[in-house]
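Visitor: What the sequence shown shows, in the working numbering, is residues 854 to 1271, in sequence order.
These are computed hints drawn from the structure, not numbers from a lab.
You can trust all of the hints, since none of them are fake.
Quick list of simulated restraints, FRET-style, between CB atoms:
no., residue 1, residue 2, range
1, ILE898, ASP1084, 45 to 55 Å
2, SER1157, MET1216, 11 to 21 Å
3, ASP1033, GLY1097, 21 to 31 Å
4, ASP1084, PRO949, 54 to 64 Å
5, SER1094, LEU1036, 10 to 20 Å
6, GLY1260, SER1081, 36 to 46 Å
7, GLY1188, THR992, 41 to 51 Å
8, SER1094, PRO1237, 25 to 35 Å
Backbone N, C-alpha and C define an ideal beta-carbon position, used for all residues, glycine too.
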Amino acid sequence: MNMPCIEFQPRATTAVALPPLMGLARLMAMAFQGTDLIPLAQTLIARATDDEHDANALMDLSTILLLQGLREVGLATQDQAIDCHRVYHLPADHAPALRLLAVMTPGDLMTNAPLAFLAERSDVALTMLYVRPGEALPTWLPPHDALWIAVSESDPVRGLLEDLSQACTGWGPSVINHPDRTLRTARTEACAVLQGVPGLYIPDTIRANRSMLQQLVRCEAAPSRWLSDGDWPLIVRPVDSHAGHGLEKVSSPCALAQYLATMPDAEFFLSPFIDYASADGQFRKFRVVLVDGVPYAVHLGVSSHWMVHYLNAGMTECAAKRAEEERFMADFDTGFARRHAAALQGISERIGLDYLVIDCAEMPTGELLVFEVDPGAAVHSMDPPDLFPYKRPAMEKVRAAFRALLGRAVAARSASPA
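Model the full assembly from the supplied sequences, consistent with the hints where possible.
Guide: Here's what the structure looks like:
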């Protein structure tokens, strides 16, 4: 897709200033803490009813709806907001020293990198510009010191990322997370790009349509026909699913048939199941973020189930798990990061993004097992500080690295010819 650019100025604002945007980080923290968001949603609905151009009310309302799992109405409300206004602002918590512009696209909570979590409690003023797939890109950009392409890879936005990649050639060296590198984070592409990295293991992954999977069901083909290390059991998930939605381990053709009977999707990712259990039988999934190639600890989830999600791993209920996570974070530089230095460096070099989140595990044989690389995965410190006092210091390290990354982008922009 290669579309001509058009003028893309924001609409004129009304004489009365709108109430400010609350934003994702604040609203998600409220939801995380168990706050009843219904009264706030009702207030936002009243604001939007009184003023149909109150884009901030509509955008915050859409975020609440998405947080409550009301995806369709949440996305419809978001579309209304973007029809009103393409540009949204979150002021800095301290005297603003740096203006960060994030290019985003409509979608659910995993469509764009949640930069508000990184910018909170800082001197970074965050402006968000929404562009839609299939439309011409703007020639006008809001004033900024650094530009971050915050759109994560998925099938619906690959064309947009390609268009943004072309546009970035004229946007200068302050561009962070260049979209052509974001395209490398697709599951199949990341699998291909990261093969052969020393100390790293990433399972072979393919896109499979229903016809291919039905061949497995009917025993007309073996998994090894498409997967170099493929055998039962397999991991299957719909394309563009996240957070474990539709993800299952299937151990036989019969189990795969039962799975397909419940899933209407046309395409799936297929990979071999890897048993990464530690010697104690527990599964440990690590989240690490690379900021300008330097790794930082985000979290460690410990579970008796192979599909580890931090929120359902029992970390809040188990002091021993929290103590293990605290040790992981305290010893990260001399422990995990040192053990897997070659693998983490290889990921940084081959993917090439300035900011990248990695979900991974440690194989019993010592390799770093990579599940996913995604610049849009959440990095936050919303966990209750009384139970997780070690989380905030770790997050402050990430925020400091984020701020330093922005500073280098600004310096590069200043040093470049006008």
